[in-house]
Each structure stands twice: as structure tokens, then as C-alpha cells.
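Please take these sequences and the hints and turn them into a complete structure.
Residue-level listing of the chains:
2 protein chains.
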Amino acid sequence: MNDANQTWVEQIFLVPPSLRDNTADADRLLAALRNRLETDTIIAEIGLLRDLPDRLRQWGYQARCILFSDGNVFYLVDVTDPKGQPPCAGLAVDLGTTRVVTRLINLETGAVLAETSFENPQTAIGDDILTRIHYADRPGGLDHLRDLIIDGLNRAIGELCHQAGIGTTDIYLLAVSGNTTMTHLFLKLPPRWIIREPYIPAVNTPGIVKAAELGIDANPRARVFFFPSVGSYFGGDLISGILFGKLHRSDATSLLVDVGTNAEVVLGNREWLIACAGAAGPALEGGVAKIGAKAGPGVIDTIAINAATGDITFDTIEHSAPKAICGSALIDLVAHLFAGGILDIRGKLVPEKAPGRIETDDGIMAYVVVPAGQSATGQALVFSQPDIDNIIRSKAAMYTILETLTASVGLALSDIDTFCVAGTFGSLINPRSAITIGMLPDLPIERFRVLGNSSLEGAALLLSSRHPVTEIAAIRNRITYLELNVNQEFMNRFSAAKFLPHTDTTLFPSVTVPAFASSLPDKMRKMVSFEAAASIC
Amino acid sequence: MNDANQTWVEQIFLVPPSLRDNTADADRLLAALRNRLETDTIIAEIGLLRDLPDRLRQWGYQARCILFSDGNVFYLVDVTDPKGQPPCAGLAVDLGTTRVVTRLINLETGAVLAETSFENPQTAIGDDILTRIHYADRPGGLDHLRDLIIDGLNRAIGELCHQAGIGTTDIYLLAVSGNTTMTHLFLKLPPRWIIREPYIPAVNTPGIVKAAELGIDANPRARVFFFPSVGSYFGGDLISGILFGKLHRSDATSLLVDVGTNAEVVLGNREWLIACAGAAGPALEGGVAKIGAKAGPGVIDTIAINAATGDITFDTIEHSAPKAICGSALIDLVAHLFAGGILDIRGKLVPEKAPGRIETDDGIMAYVVVPAGQSATGQALVFSQPDIDNIIRSKAAMYTILETLTASVGLALSDIDTFCVAGTFGSLINPRSAITIGMLPDLPIERFRVLGNSSLEGAALLLSSRHPVTEIAAIRNRITYLELNVNQEFMNRFSAAKFLPHTDTTLFPSVTVPAFASSLPDKMRKMVSFEAAASIC
Numbered sequence: 001m002n003d004a005n006q007t008w009v010e011q012i013f014l015v016p017p018s019l020r021d022n023t024a025d026a027d028r029l030l031a032a033l034r035n036r037l038e039t040d041t042i043i044a045e046i047g048l049l050r051d052l053p054d055r056l057r058q059w060g061y062q063a064r065c066i067l068f069s070d071g072n073v074f075y076l077v078d079v080t081d082p083k084g085q086p087p088c089a090g091l092a093v094d095l096g097t098t099r100v101v102t103r104l105i106n107l108e109t110g111a112v113l114a115e116t117s118f119e120n121p122q123t124a125i126g127d128d129i130l131t132r133i134h135y136a137d138r139p140g141g142l143d144h145l146r147d148l149i150i151d152g153l154n155r156a157i158g159e160l161c162h163q164a165g166i167g168t169t170d171i172y173l174l175a176v177s178g179n180t181t182m183t184h185l186f187l188k189l190p191p192r193w194i195i196r197e198p199y200i201p202a203v204n205t206p207g208i209v210k211a212a213e214l215g216i217d218a219n220p221r222a223r224v225f226f227f228p229s230v231g232s233y234f235g236g237d238l239i240s241g242i243l244f245g246k247l248h249r250s251d252a253t254s255l256l257v258d259v260g261t262n263a264e265v266v267l268g269n270r271e272w273l274i275a276c277a278g279a280a281g282p283a284l285e286g287g288v289a290k291i292g293a294k295a296g297p298g299v300i301d302t303i304a305i306n307a308a309t310g311d312i313t314f315d316t317i318e319h320s321a322p323k324a325i326c327g328s329a330l331i332d333l334v335a336h337l338f339a340g341g342i343l344d345i346r347g348k349l350v351p352e353k354a355p356g357r358i359e360t361d362d363g364i365m366a367y368v369v370v371p372a373g374q375s376a377t378g379q380a381l382v383f384s385q386p387d388i389d390n391i392i393r394s395k396a397a398m399y400t401i402l403e404t405l406t407a408s409v410g411l412a413l414s415d416i417d418t419f420c421v422a423g424t425f426g427s428l429i430n431p432r433s434a435i436t437i438g439m440l441p442d443l444p445i446e447r448f449r450v451l452g453n454s455s456l457e458g459a460a461l462l463l464s465s466r467h468p469v470t471e472i473a474a475i476r477n478r479i480t481y482l483e484l485n486v487n488q489e490f491m492n493r494f495s496a497a498k499f500l501p502h503t504d505t506t507l508f509p510s511v512t513v514p515a516f517a518s519s520l521p522d523k524m525r526k527m528v529s530f531e532a533a534a535s536i537c
Numbered sequence: 001m002n003d004a005n006q007t008w009v010e011q012i013f014l015v016p017p018s019l020r021d022n023t024a025d026a027d028r029l030l031a032a033l034r035n036r037l038e039t040d041t042i043i044a045e046i047g048l049l050r051d052l053p054d055r056l057r058q059w060g061y062q063a064r065c066i067l068f069s070d071g072n073v074f075y076l077v078d079v080t081d082p083k084g085q086p087p088c089a090g091l092a093v094d095l096g097t098t099r100v101v102t103r104l105i106n107l108e109t110g111a112v113l114a115e116t117s118f119e120n121p122q123t124a125i126g127d128d129i130l131t132r133i134h135y136a137d138r139p140g141g142l143d144h145l146r147d148l149i150i151d152g153l154n155r156a157i158g159e160l161c162h163q164a165g166i167g168t169t170d171i172y173l174l175a176v177s178g179n180t181t182m183t184h185l186f187l188k189l190p191p192r193w194i195i196r197e198p199y200i201p202a203v204n205t206p207g208i209v210k211a212a213e214l215g216i217d218a219n220p221r222a223r224v225f226f227f228p229s230v231g232s233y234f235g236g237d238l239i240s241g242i243l244f245g246k247l248h249r250s251d252a253t254s255l256l257v258d259v260g261t262n263a264e265v266v267l268g269n270r271e272w273l274i275a276c277a278g279a280a281g282p283a284l285e286g287g288v289a290k291i292g293a294k295a296g297p298g299v300i301d302t303i304a305i306n307a308a309t310g311d312i313t314f315d316t317i318e319h320s321a322p323k324a325i326c327g328s329a330l331i332d333l334v335a336h337l338f339a340g341g342i343l344d345i346r347g348k349l350v351p352e353k354a355p356g357r358i359e360t361d362d363g364i365m366a367y368v369v370v371p372a373g374q375s376a377t378g379q380a381l382v383f384s385q386p387d388i389d390n391i392i393r394s395k396a397a398m399y400t401i402l403e404t405l406t407a408s409v410g411l412a413l414s415d416i417d418t419f420c421v422a423g424t425f426g427s428l429i430n431p432r433s434a435i436t437i438g439m440l441p442d443l444p445i446e447r448f449r450v451l452g453n454s455s456l457e458g459a460a461l462l463l464s465s466r467h468p469v470t471e472i473a474a475i476r477n478r479i480t481y482l483e484l485n486v487n488q489e490f491m492n493r494f495s496a497a498k499f500l501p502h503t504d505t506t507l508f509p510s511v512t513v514p515a516f517a518s519s520l521p522d523k524m525r526k527m528v529s530f531e532a533a534a535s536i537c
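Residue numbers (the UniProt record's numbering), protein chains in the order written: chain W, 1 to 537; chain Z, 1 to 537.
Careful, some of the hints might be misleading.
The list cannot tell twin chains apart, which means a pair is met if one copy fits it or any two copies do.
[Said to hold, decoys possible] Below, computed lysine to any residue pairings styled on SDA-like, alpha-carbon distance capped at 25 Å:
(1) K290 to E108
(2) K348 to H162
(3) K210 to D51
(4) K210 to D27
(5) K290 to S384
Since the hints were derived computationally from the structure, they do not count as laboratory data.
This is the structure:
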């Protein structure tokens, strides 16, 4: 068999038993499946085999078999009526720290049946991973965190099935891709040691688990595949992303970065893969800046400054009165401020370049984005120097991580053939702005590829076809994980990257640096370098 | 590793994690086990992994791992304190239709901790397999049969653990060897199709099942291995017997026969194995003869007739007054009656050879074994001609099966190097008597080997060492099953075997045939042949 699309659902036609061939029903079916799947190992639960004799006779020794595998062992998940009507469904789950995105698909055709997303209910315990890990250590804490996410998922499953017009028992397979901690909490595995030196997860490769054991509302025989993690800080969501981005299959060298609080980066091709993760700071997502906010009504998502007049134009989500600015628009804003000379190459506001737009409160300068009279809150939306500094540090950390990983294999950032940006936040960023501020390398724009929710897409891919699962283990095993050491070399790179776009402007040939700011006295460079060393720790 | 005795319990010493080697706890343990067991596939349940991080740290990254395998996949059953006190126990179960024999062993040393047996509680539903299979078809019938055997086993487990001074949770592994139907009823698999053409079991190879799923009182993580069957009439108990008898490892050609209601026979050596099963009739076990009974107080188990005087000497179990005769003593009795000329070569009573011992009631002759005055019941124990005929038919069927199987591979019975007799009943038979009546072939007595309860022994062997499990699949796959066709050739053999010891006395050189009976008119031979053809159907 060499079908282009071999799915997890196999229609099997058996030779009925006879006096000359009296192999047992289960053994007959499993032998046919072993032959079809070219494997020695298919595990079938005894509970499934109890009904088999009557079912096979009723169906004339034909059956629709639903299989699953962790890349090593195959499981016979269920055997259903070969002429059965409702589709066999699979559920792809992107298990995010903040948001969980789910997609219901038809396992036989790969068609999307429904999609929904919800806020990870564990955010009620804490927005960040660390708070949840500490909470898990309290009596009953881990159980509670697990219940929150499973209940949330079950609600989403109810909604998806309603949308698709199927029953929850029609869901046979699930694929979950999340970071290492989220996967631990989902599986009720203690996350305690993830954050304690030497940072050891309980499990890297959970493999396949029964949905019923986890309390998931699906077919009682349904099974869940978990994308494996490489380590505490490089989770299954990234493996899923690599699978979707096809880095491991490409001759050309690609880089995949999930831009967020953590910058998780993979570089490689079909020969090798190297990865690292580092804190880029929540500033990039707009989570820290006073006027920053996640997308929602009244949040500015598009912004531009007219270089000639200094006038600001913007748009808000649902066109409501502005109340905040989303992370990607903040990056646009920094790029425009810099292009207009309102920020110098150190990222400091230059008041004389924006007359009337810059105010000082208690000695802190701030750029007025929306005057009080025009905002939804009645207060001016201002972009203060500390907020700007935060973003600069974050973008510098991001660039430094990219540069360090690339340099570790003897390449320059300019050698990257394809630069994949993953994650919801990543898909909102304007690469041109990100290049202008020196957050992403100055590559021709056509080399950038926005992957979207690659974690979800990878999970959906796994459910749509039998092939990816063997690739997953290969991807995981091929990845070399680079532990980022904040040593002198890293600090030097970081200090250089704290300029707009960079101390070494030859790295950013496409960015026009305003003339006045292009020559800084050496003394000032040193000062900046010192400040960076202090602030990263 | 090439230890002489590799058990299912492995002491593992891990290199503790460090910043340079931050593999997850579970992956670290599984990698070490994969290396130790030389396998790619070890399945560990998520429930087991939840406690692992804390346990490994507490035990200094040492652990005692209990493993199991079906010959294909390994399961990590549990991880326990490396310095833990109570032994890890395993339970071998010979799941007989009539009697269940259990043995508790220490998995690390193979030492026997306790042993007990009990009547299969399903006999309350029916002594024979057929009744139980029909009962299983009634609503709730299969559940009831399953409950009976599981409850019975759980009582035995309680007793064994009490004897051994361990807890039921110290039992981690079980090995069950039973015939195909008993295995089905134990697993609540429908046995319906076993007795309906073309005689298809639900499952031949149940493999490994969780004890908790079956309601067995053992460690919650305990797993049960089921010896695979070859077909409806050749069960796991025989595979277990072959394993114990080592037929599959021998250069010499051996025959293994489980003498009972069914004669199950395997012939072969390290190159090939051929098997068949056929009804030899319950008469051999004493189940049908009016005076026949299973062993018990007052049952005659030793009997002899003084050839000169015609006097009978016997002994009973517990030396009580005689009330019945056990199956093996009936075989002795037939042998003595024949040797004394009281039975002719057709197996017919010769009244003039036992004056005063033979009475006729309603035209039916019977030999008085114990006069009324000496029996426990106050009634004479008589061995009637129909009872004798029954035994003759059964022994003829047994011999015919042995002869047919041997001839099918071009061998004579005299070519058999080792003749293994298995089963409790088999171990009671006096081979000399069995040869005299022509039930077993006339081989030198030193070629006979009494295996005892080979089904139990094979199960115990599997629990004591990791090696046998791979042999089991090989044994099963190597067996050619010969379907016995009751054709003309079979009937001719059967007719010839209905004589004492056989029509062809050259096959039994060691048996002295009383002179008077050695020449039967041809007419009589034909008559006998016709009768046989009618009675076997």
C-alpha cells in the first residue's frame, strides 16, 4: 500500500473463516491490519474484542477500523460499522498557556468540521506558568488545575460537536500540542521539577493516553496523542510547529520562531535541527506597557505616523474609541517614531522632533498617542520612556537569541533561506516594522513566512494522516537543544542589539537611520552597554 | 546483559539528571530499561509516571522495576522502592474446566510462596464445557460465569497471600493457562462460536490484560498474561505444557498427550510441531462408568486381580469402605481382567473365567468388583459390560488419535523418543496398564515421562524468567494443527484399536495375549468394525 493519504481509518475486508482457516476473529482482523499497516505491533484492548465476533458476522466480515500510533506501537482504537454514517472525528488541541484553540476534523477526509477557542481557565489561578507551577504544589492544587483545563476542554467539545452535528462519542482521536508545563498540568503530572535546577520534566514523551482516563468527553475508547517535548523549555507545541513548517524536510535552512513571552527558536533543515528558548520579555506582546493590551474592542491594531506632519493615524478593533494599543501596533509605533527621528538610536525620545506630542510627568517623558479628549477612558494614551525601554530590551533579547543560535552553527542570520514566524502574536507583526526596530533580521521580505497557529496546524496534520507520527519522533530526536548562557559574548550581542535597529547598521541595510543619530560618542555606547548588562539579569 | 536467569524484576541505577543531561525522569528510566531489555518498545501508563519524579528523588535515582511482556511489547508494570521488603509476587493459574490450580511465586527468585487449588465454581452451571457455552448465551449468563471464576480466584488469592504472609497488592504479574473456552469465560469473551462450525474463537492471543479490568484482587497495576491458543480445541494450557515439556527445544522427537475427556496431542521437536485434539470420551476419567468417580475418600485408586486365584485386592483413598473406582484404577482393572482372560480381545466378559464374579441383570453382564456386603453403599460395585465397552471405545479413540497424528508425518508410534503424559489424570495412570489395554503405544517404559500439571508448571516458568515469553509465540506459530477427519482410514484404525490390546498384536510385543482369544473368526472382525463406525458418530 502506498496511498498518497493514508489515514487513521482503515476499511478492512476479511476473508471469512472456514474449516480450512479457523483463525480467531480478533487474530484474523489484527493479522489483516498488521499486513495493511506493515507493523508487528497492534494493541487491541480486551473490551473491544468482546463484541467483535457478533459485529464481524453482522457486517459480513468487513469493518471500519480506527487506529492510532505514537510512532512505535499501533493501537486499534475501535472497530465500527463499515457503512456507518456519522464521520469518525478527531480533535486537534493547541494547549496554550493563555488560549486553547481546538479544531474538529473528519479523520477520513481531513475536512474541518468545526473550530473554537477559549481562554485557558487556569488563568484564573495565574496568567503565567510560574504561578501555576507553584499552585500545583499546594494540596489539591494540581487536581484543581487539571480539572479547570479538562472542564474547559469538555465545554469546547460540546460546542464543537453541536456545531458539527455529531456526538461526542464520534470523537475517537485527539492530538494535543502544548508547552511542557501545560502538558504536565493536563496530564496531572507534577510540574514541580520543571522550574528547579536542573529543570527536569516528569515526562518528555507521554505518547498515547486513553481519553477516558483523563476525563475527556469523547468516545469511551478514544485515545489522545501528546506531542513530545525536548525539555522543560521546549515543548510539544514547537515540535508540532516544526512538523507543520516542514523545517525537517527542507534542503534549505529555515528558522522558526514563536514570538511571545518566550522566544522559542529552531534552526535547521533535513540534515540537522538546533533549538533554543529564552525570555524575550512580555513587553513585545504589549502585556507590560501601560497602554498595551491584547486584542479586543477599542484596542488600536493599526497605527502610522506621517513623517512630514507628525500626524498619527490609527484604527481600533470594532472601530470603537481607543483605549489601548495591541502589541504588534506598539512595534509599528516604535518603528514609526524611530523613522521620524522621534526616537534616537538608543530608543530615547527626542522632544524637539515631536513638538506638542511629548509631555513630561514627574521627570518621565512620554509620547502622547491619543489625547485625553479622544480616548475611550477620558485619559490620554501615552507611550512612556520606560515602556519604550522595555520594548527595546525585549526586541534586543529576541534578536540576540536569534543571532546566538545562528552563530552557534557558524551561520549568519543572512544565511537563513526561510524565516517562519509562528504563533498568533507572530502572525500580527508587520515584518517591516520588526526589521526597522531590529527585532527580526533584515532579510528580503519574501523570505518571511507567517505560519499562524502552527501548533494547532501540526496537531491537525497528525490527525489527518498516518505519516506525520513517525516524523515526530525523528524531529524530536534530531533536535540539539542549545542552552543559552548569558555570558560575556551574549551580553555584548545584547548590548549591540539595544540600539535602533542595531549598533552595526550594516546588518540592516534596508533600514534608513535618521542622519542625526548615526554617530554616537563612544562614551555613550559604553554607558548603554553597562545598562544592558544590569537590566537583563 | 546475558544473565542465566533474567527475571521480570530489574534493579535500575540511573545517572541522576544534571544541567548537561536534563532528560525527563520517565524518559530517563525508560531509556535505561530499553537498553537493559534490548527493546524499542516499553509502554508505561501515565498513572505510573505521576509519582515517578518524587519517588526517583527519594530513592536516589534507583528503582526496582517490574516488567512484563507478551513477547512483542514490554510493559512497565510498576516502579517500587529498590530496598522494598515484601517480595514482588507472581501468580500462576492453571485454569482447568474442573479444577483450578494456583501457585504464588517470588518473581525475583522463582521460589514457591504458596499453592492451592479449588473446584472451578462454574461446575455449578455445568460440568462440561458445552453446557457452559450454552449458558453463556443466556442473558447475563456470560457475566455470571465470569463472576464465578473471578470470585473463586479471588478467594484463592486471599488464601495464598495469607499463607505467604504478603498482601494481595504484592502480586504484580499473573499468568493464566487454560483451554480456549475457559480463557474466554475468564475474559468475558463470548464463547458462542467456538462450538459452531467453523469453530472460531473470539481471540487466540489475548496477550496481556490489566488485572483490575478483570476484577482480580491484586496490585492495581498488575497485569495478566494469557497463554495463546491455536484454535477452539487446542488451548493455552497445551502451549504452556509444551513450554514446560520443552518439546520445541529437543532434537529428539517427543509426543505430549494430555489424557482426559479430550485427548490433546502434540508431536515434534525443535524443527517442527504438529498437534491435534479429539474426543477420547469421558469414560477414561471414570466420569461415565456407573462405579467410576473422581478421587475422593472411599474411592478405589489401586486395584489388582490375582491371576491364579481370581482374588481382588484394592486400596481406597483414606482407606474408607469402597464406594467407587477412580479412572486410573478402572484402566488397571481392565488390564487385569484382560490379562486374566476374564475379558476377551473384543473386551467382552468371559463368565467361565471368573466363576462367582459375574452376574447378569436384565441380560446385561457385569463383573462384581466389591460385593454388596463389603461396599460403603451396601450395594455391590459392579463393572458392567456397557461400562467396559465405553472404556474400550475411549482407549481406542485415544490410540487412533495418537496413531493418526504420528502417521501424518510419516512416523510410527515406535519412533517416538519421549512420550510425555500431562495432566493430573495422566499422572495417575499406570503406563503398564495403559499399554496392556492398548491405550498407549508399547514403548519401553523409560521413554514415558509423567509431566504432572504441565499447564501450571509452564505458567510458573513464564513468571520466573523473562525468556519463555518469546518462546511461546514461536511455539504457537510453529504448530501445525491437524484437523482430525473421521474418514474411512480413521475408522479402520479405530476399529483395529477396539481390540485388546489391538488387532495387530505385533504392535504390542510386550503384552501377553491370552491364548484362547488370539484367533477371532473374520466374520466377527467385520461385525466389530461395523459397530465401531456406528458408535463413534
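Does the structure break any of the earlier hints, and which numbers would those be? As far as the earlier hints go, 1, 2 are violated by this structure, in ascending order.
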